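UniProt numbering numbers the first residue of the sequence shown as 1 and each following residue consecutively.
Read the hints as simulated data drawn from the structure, not as lab findings. Be aware that one or more of the hints could be misleading.
Unchecked claim - Label-pair restraints from in silico Cβ distances: (1) 111 - 24: 50 to 58 Å; (2) 303 - 56: 45 to 53 Å; (3) 59 - 264: 41 to 49 Å.
Note that this is a predicted model, so its numbers are computed, not measured. Just so it is clear, CB atoms sit at the ideal spot from N, CA and C, and this is done for glycine as well.
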Amino acid sequence: MRRLTVSLFWRIYLLNAVVLVVATISLVFGPVSVSTQPVFAEIIVLVIGLAALLALDGFLFRIGLAPLRRLSRAMTSVDLLRPVSRPVAAGGGDVGEVIRTFNAMIDRLESERGRSAARALSAQESERRRIAQELHDEIGQTLTAVLLDLKRVSDHAPRQVASELREVQETTRSSLDEIRRIAHRLRPGVLTELGVRSALRVLASDTAERAALQVDYTCDPDLPELDAETELVVYRVAQEALTNITRHARAERVMVSLDRAPHRLELLVRDDGVGMAGADEGAGLQGMRERALLIGARLTLDTPPSGRGTDIRLDIPLASAHPAAADTRSVTQESP
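Work out the full structure, taking the sequences as your base and the hints as a guide.
This is the structure we're talking about:
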């Protein structure tokens, strides 16, 4: 059986209304009355007065409890991955104190989630570097040795066997190239050595080659100098966005741009695929949102003006950025 729930407003209002109704009835029929036998006109006046009091009472209660309604709406919309504005603690008293306490609680939760996400992502990056190193040093060297052994054996084998061995060599070489690509995606050395501009250009080129997509990459020549953490977040968000596009979007063309706007830096990844209407956000998008929070950025998903595909936009505030020398590189990378 479903339990009947009554809002706080109606609980207080109905209790107050009962008091007023009982007081009015007592005034009409009790010993303290306007006249010994109340006349109809007096009852009408009292009823009208009671109705006016109830209306005024309800109006005042609505005003007094409005902050609690705003707090209730804020509670239902809280998402630590998508920070929203806090309810205003207007006035003093208990209601204002409840709102201030709620805001302080959300601040603590967001701060703790940010620290937890930073630790988790730092551990993830360390594990990526370790796996990439092992792929390069262990498996890569082992496959290289296998290739050399296959070549040595095929040089002394009969023609038919040598032909088969060469096919095995090509398969092994393809596997070695794929392992190197995986290691590069796990640990983009170009990001550390040349910065996010060049790293994004290489990422666009690799995606175009691997997925047979047309990938256009442009970079604002007047970008500020970014710290290592911000560059890593920009790169990983672009990487995850391109990965999602190649897996799910069924797109033919992708645009990646890194531009400077007043007081912010904007990364935009736009595709012309099937879009995300009605689709649930997966772990990839949640990971991008967590990375965005680490640097105080905002990640949004929209539909492009064309009405097809998806815009993944990362807005990064530049309050703490330092101007850098102009980088005149602006590249358009397309698949052959």
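Could you tell me whether the CB distance from residue 303 to residue 56 stays inside 45 to 53 Å? holds (48 Å)
Return holds or violated for the Cβ distance of residue 59 and residue 264 against the range 41 to 49 Å. holds (44 Å)
50 to 58 Å as the expected CB spacing between residue 24 and residue 111, which holds or is violated: holds (54 Å)
When each numbered hint is compared with the structure, no violation occurs for any of them.
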